[in-house]
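The lines below spell out each chain.
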Amino acid sequence: MTVTIYLSNDTSAKATGADRLAAAWTEVPDVRIVRTSSRGAFFLEPLVERDGPRGRLLWPQAKPDDLRRIRTGAGGIAVADVPFLAQQQRAIFARFGTAQPLSLEEFRTQGGCRGWERANGLPPEVIIAEIRTSGLRGRGGAAFPVWYKWDAARQHRADQKYVIANADEGDAGTYCDRMIMEGEPFRLIEGMLICAKAIGADRGYVYCRWEYPAAAATMQAAIAEAEHAGWLTIDQRPFHLEVFRGAGSYVCGEETALLSSLEGGRGMVKVRPPYPAEAGLYGKPTVVSNVLTFATVPEIMARGSEWHAALGTEGSKGLIALQLGGRIRQPGLVEIPFGATLGEVLERFGGGMAEGSRFKAVQVGGPLGSLFPESQLNIPLCFDRFNEAGAVLGHGGIVVFDHETDMVELARHYMTFTADESCGKCTPCRIGSVRARELLERIERLNGTRDDLALLADLGSTMKATSLCAHGGRAPYPVLTAIEHFGDDFDRRLSGKNAKRGS
Amino acid sequence: MSPSDTAALQSVLEQHRPEPGRPANILRTLLAVQQVLGHVPVNAIGSVAEALQVPESHVAGVLSYYPDLHAAPRGRRIVRVCVGEACVANRSCDVLAECQAFLDIGIGETTKDGGTTLERVYCLGNCGVGPTVMIDETIYGRVCPSDMEKMLRQADDRRV
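Protein sequence lines correspond, in order, to chains A and B. Just so you know, my numbering puts 481 at position 212 of the first sequence, and the rest follows in order with no gaps. Just so you know, my numbering puts 99 at position 72 of the second sequence, and the rest follows in order with no gaps.
Since the hints were made in silico from the structure, they are not lab data. Just so you know, not all the hints are guaranteed correct.
Stretches of chain B that chain A covers, calculated by requiring three or more beta carbons in the stretch to come under 8 Å of a beta carbon on chain A [unchecked claim]:
(1) 46 to 52
(2) 91 to 98
(3) 148 to 155
(4) 158 to 166
(5) 176 to 183
Here a beta-carbon is modelled for each residue, glycine too, at the ideal position from N, C-alpha and C.
With these hints in hand, go ahead and build the complete structure from the sequences.
Here it is as structure tokens:
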């Protein structure tokens, strides 16, 4: 009897040997290999699944020799029994790990396209009202109400309008957009179609960062498939959708820089207003939203806005896709309602620290996010509480650092990144990031003084107040929170003594 | 540029000439040139500007702006070590140091024989299985510094 074996085709599954397993088993008689999207439980990769009596069974960190056990079913764990997955409340990622990414038929059978089918029969105003009631805020980092952008773009009369998916997922420690594009590309297309219908656009782009070759290829193939199936049609007019590749600039994740880059120029930030919804790509009304935001839209249209509005907290409706990484046992994707505390998430899903490691700090919200010490883990994961604390949820990245991390080195690393990636448009970011990096290098080389810390604080407040975009405006946060919470690491360097590893 | 490079460049530029009424796209054109030639030679700037009907300064400006557009040739093989925070937390800087020591070059440099260029990259989205290293188009996860020498030698063998 032929056994069907499911193996993820996701970049992180391949990076841990999924292709080696596929190659080893592909010639074996009575074995059929199906490559699927990823469950996002990356600590289990390479992960092999097959159908069991009650749903899928899995074999974590599988090796080629495991085929015999897998064929007999020996040692298989029921997917439903994996606490990391069972304790989540998945919606956008509910089907991840089960289907073939490029099968439009499977996508439909599993409930895809329903959001578009409903939206396609509604007037634009009603679609936008639905998004408004749902309380959906942008998932890329800025958390701007989605309906507001859509409505502004809808109201502006123009011969051409654009819908753009921001797939420049540049925040280190985040990967949910990559998972969506590699795993359920039709979901992103569906969300973009709904937006295009709502604002009256007939052209769209997926601006995909250079670092995601597999995501770009999958999106391209999915768009061709959707076009072939006649799906890319709005009100009897074709909707042109294409993938545009970036070239390694972090700032191109900022919407005005993204638009400059998409036009083929230097990806530099522009002063707003005008906002892209009025004057975006080539000066035309444009909605730019993050991949996860578009991926959430079909779910809202299919299930109704009340479903979404009933989840999460007062100011943060819906589900948050957290991406755990760093020195923990169970890195991976966690989709739960907004509002759980940072500590709860680390405890329930993180699975504790990696072997031999003790907790030191956790960073939330990418390289521009704040660092939290153990005493502050009771902060709820929602926009408002993070805002009050001067922190950001960003794109949902959570990176845990252990006791061996030297905060002076880490702070210098952050500022090196900021300086490398500054677009150079505004002085506080262009000059400030270089000066801050130099100060931190000086401290690292044991030549720093207490005045340097005062200078960093002063420079930080200038950058926060006067930078044109979040790159310069947020860059001081990880550095200043490192100084605030882990002053000992800095003191040791200032007093001329090197910070001893592990102390 | 060799005659074959010049011919390849012209063929790429033919495909990227703007259609009437549509603006030229410098970035897309330069990425296509790089795809074919391996880098964008500085003496190709004039031809690109002419084909796209834009000032040479605009082409040069775009070329110098993006970290992944290269005006000079690089190694036959590109090794990239991720220094995104999740990888850094898992000691990717030690992996990077190991690469530097083994290849005897700095970040952004190419070995004397033109074989390997070493770069750092800020996040490949492979954070769940870091530290991450990318050798040409292949992404590797859970890389230890001690794996690096073998990985680089194996990559050498594949190329031969």
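Checked against the structure, which of the hints given earlier come out wrong?
Failing hint: just 5.
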